[in-house]
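There are 2 protein chains.
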Amino acid sequence: MAPTSLGMTSKEEPKERCMKSSQAHGHFVPLIVAFVGLPARGKTVLAHKLERYLNYTGHLARVFSLSTYRRKLAPDIGCDFIFDPQNEEATEIRKQYTHEAINDCKQWIYIGGDIAILDGTHAAMDVRQLLYSLFVKQLGFKILFIECIVEDEILLEGNINDTVRLSEDYAHLEYNQAVKEIQKKLSNFPQHMYQLVNTESIFSYIKFYNAGENIFVHRIDGPFQTKVLNFVSCFRPMRKKTLYFTRHGESEFNLLGRIGGDTDLSPRGHFYATLLAKYFNSNKIENLRVWTSEKKRTKQTANGIKAPVESLAPLNELDAGICEGMTYEEIQMKFPQEFAWRDQDKLRYRYPWGESYIDIMSRLELVLLELEREDSLLVISHQAVLRCVLGYFLNTESDKVPYLGVPLHTVIKLTINGYDWNVDYIKFNVDCVDTYRSQPENCSVDRSNEDVLVTIPKHFDSNPWRKEPTLINI
Amino acid sequence: MAPTSLGMTSKEEPKERCMKSSQAHGHFVPLIVAFVGLPARGKTVLAHKLERYLNYTGHLARVFSLSTYRRKLAPDIGCDFIFDPQNEEATEIRKQYTHEAINDCKQWIYIGGDIAILDGTHAAMDVRQLLYSLFVKQLGFKILFIECIVEDEILLEGNINDTVRLSEDYAHLEYNQAVKEIQKKLSNFPQHMYQLVNTESIFSYIKFYNAGENIFVHRIDGPFQTKVLNFVSCFRPMRKKTLYFTRHGESEFNLLGRIGGDTDLSPRGHFYATLLAKYFNSNKIENLRVWTSEKKRTKQTANGIKAPVESLAPLNELDAGICEGMTYEEIQMKFPQEFAWRDQDKLRYRYPWGESYIDIMSRLELVLLELEREDSLLVISHQAVLRCVLGYFLNTESDKVPYLGVPLHTVIKLTINGYDWNVDYIKFNVDCVDTYRSQPENCSVDRSNEDVLVTIPKHFDSNPWRKEPTLINI
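Taken in sequence, the protein lines are chains G and V. Residue numbering for the first sequence is -5 to 468, as defined by this note's numbering. Residue numbering for the second sequence is -5 to 468, as defined by this note's numbering.
Same shape as in the complex, but just chain G (with noise of 0.2 Å):
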């Protein structure tokens, strides 16, 4: 195959791109992660949870699905035509929506992504000497392929009943139909087309196996590959998956109003531990297991469940710094500049001594890949944290994450659908202080009390200069 296939001779590319991008941004060089393998073997499914990982982490990453311009350019052509390598008009249509996505790939480079994920089969040999050209050679950014191999029967056909679900390509089917068209396709597959990425081969690459219990490396390289073999070693594609969260149980600082510390749960927390216990010991999950923060308040929520307990520091509430154990009119009343701050701009604002939301995201980073490895697991945790949890899963604009809802005496249940996650919120029916705090109207360091005091949410206390004190009734 010439370089004309993929149609890159007509425009020419300027040379060493990366290196005056990387100049004008500090990135470094970009990366291109081009998937490798059969239909079904779990390709787009890794691919998407890859991309959010990325985003996640600070590095721009977006997925470019062959199969999405295929749609687009050719709707009705059934995708066992496709791949026909007898077929000139199937030849020309393949040509010309993956020069589509090469282009999209590029100019996302262009615009300042970190990494393109190129997600198609990408079956023969000459395709991936030609990727590499055009982005190693041509181009001066890095290439990675991620090979998915699947030789245990049972997963490949778990993975084709995921595919038949998914897939727009077989959205207009009956499900046994489409299971049929689609192990057809796959018996029509032009097997000598499928050339695995060969081990002496030039190319970085990754081969995952059944789902990733084996992983075999080549010449990792640069810090883009390293971040996505990091995530690749740690992703076990599950059927089924369920894991839980809540806030801990109201707690005495909550009562009052006050952030952080390390206080018992209130009378009414405890109930909800109870109930909790109760809801988790009845439901009888198999292997369920839980991990709280290092705060009294979390291992006091789960002191009645019947399962191993794990008290992680990664999952303690945002330090607050020196304003630990403060009300927020406290707060207001002896570092107005500081909650000035922090209302402009939740996300980035770090408390002296403390820490920002930025801050948690980037030290819960091995928890979230350990996640991605578990199931039935219940984590007890506080409201910041499962913000950036719970945004991370749900691939939340990081802005909004700060005031994302995640209300006390609630189990948050997450369970996989595709590539998303189902998302039930259980509410106890055990009352609590309600303590989410919208981001007020003004924001400037010479607002009023009474500015700030309006989103301040109700709490028992005993502020001298707050005009009416509210009081909740337990």
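Derived by calculation from the structure, the hints in this document are not laboratory data. Accuracy of the hints is not assured; some may be wrong.
Just so you know, same-sequence chains aren't split out, so a pair can sit in one copy or run between any two.
What the hints assert, rightly or not - With a Cα cut of at most 35 Å, we get these calculated DSBU-like pairs of lysine-lysine: (1) K407 with K131; (2) K131 with K272; (3) K340 with K293; (4) K136 with K290; (5) K290 with K452.
Starting from the known structure of chain G, fit chain V onto it as the hints suggest.
The following block gives chain V in isolation, referenced to the frame of chain G:
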């Protein structure tokens, strides 16, 4: 081999210790990293570099080398004798020192260590089975085996030379005699005793082939194993390797005693850049590459060097937040509380909206992993950043990192010397201000301006409250 062979049954160990410990310390489940491989396969170098990386990234790790225990217990016994499986006395000695090393591993975890690295051959499968039984089944830790395999003859020869040069076992011998000795030992090593780690194994393991060209990964599990893989996939042991570091030439802000900012070089700074280019261009270092930060002063410093230049954001100077562009005197005037805090704990102190040294260490992680792969690289960066980089390579205690001396107009040359680095300071003959500020004696908030001023380096300035403005002649 029965469990007693490692002497572990004599004293009963507490079961499920890790859960209790992690509840106490908030750690993840501790990890034992056990090396596997014939002598001269690069195990010890990798073990020590891994230890350094883990400690730097906040995970307490320590190496326990069986050969050190052997030498301590039986200093006069040759290592060919000790591996003789027929010799009962040798077997007994082996048991004894292995037992000691394992005990120290356990102790290290009990006192709060996250990771213990057991550096030895662990050639026989039943030895590994034993380690697994003890550490995983009995104690509830995790274990990861790293098998170092060298198939390349030239590589092996180099390793043998290194072993002769570095291992205390050969210190008493003349070089050629030592090489003969080690070759005899290798050919005498009971090959049937070495069983490769089985690829069907229930163990988590990494096979590290030919100095990292290929890596095979099986069942990586848990955050510490992820961190270990992270490093192992980046590490390329090299016999010869040189890294160069320098700060930018003196900048306009340096002259004025102002911190941060993005100013041009001073005339003297430009002169340094000229001499630096002359130095590197005339030395004709093969494949030389240059990394700068994104700041003008580092790019200008790289200007005349004939080598590819990349600019990387992680190499930018510590962000001083609200104090950017200020002199130390101005900071003292406007933010005496902040300045006192910084002096009290320079490592952890974060400027409001800015960074701490710890923050830099964290954002440097990917750069450091790259430096493990790189050779013939010149890094042009800034005082605080280079302190953190050098602290990594020189294994500096973290509290001392913010006070490492990294003077202007000096190239710091690091060359590999076995497990460690040789450091050369090449001072260029171009005058410049001194930007080193030592910790003052009085770090309290209510100290006088004079107490603060005492360690502020001399610079051109016009601060009205400074009694004797010190001017430096160019």
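**Message:** Please list, smallest to largest, the hint numbers that this structure does not respect.
**Reply:** Checked against the structure, no hint fails, so every one of them is satisfied.
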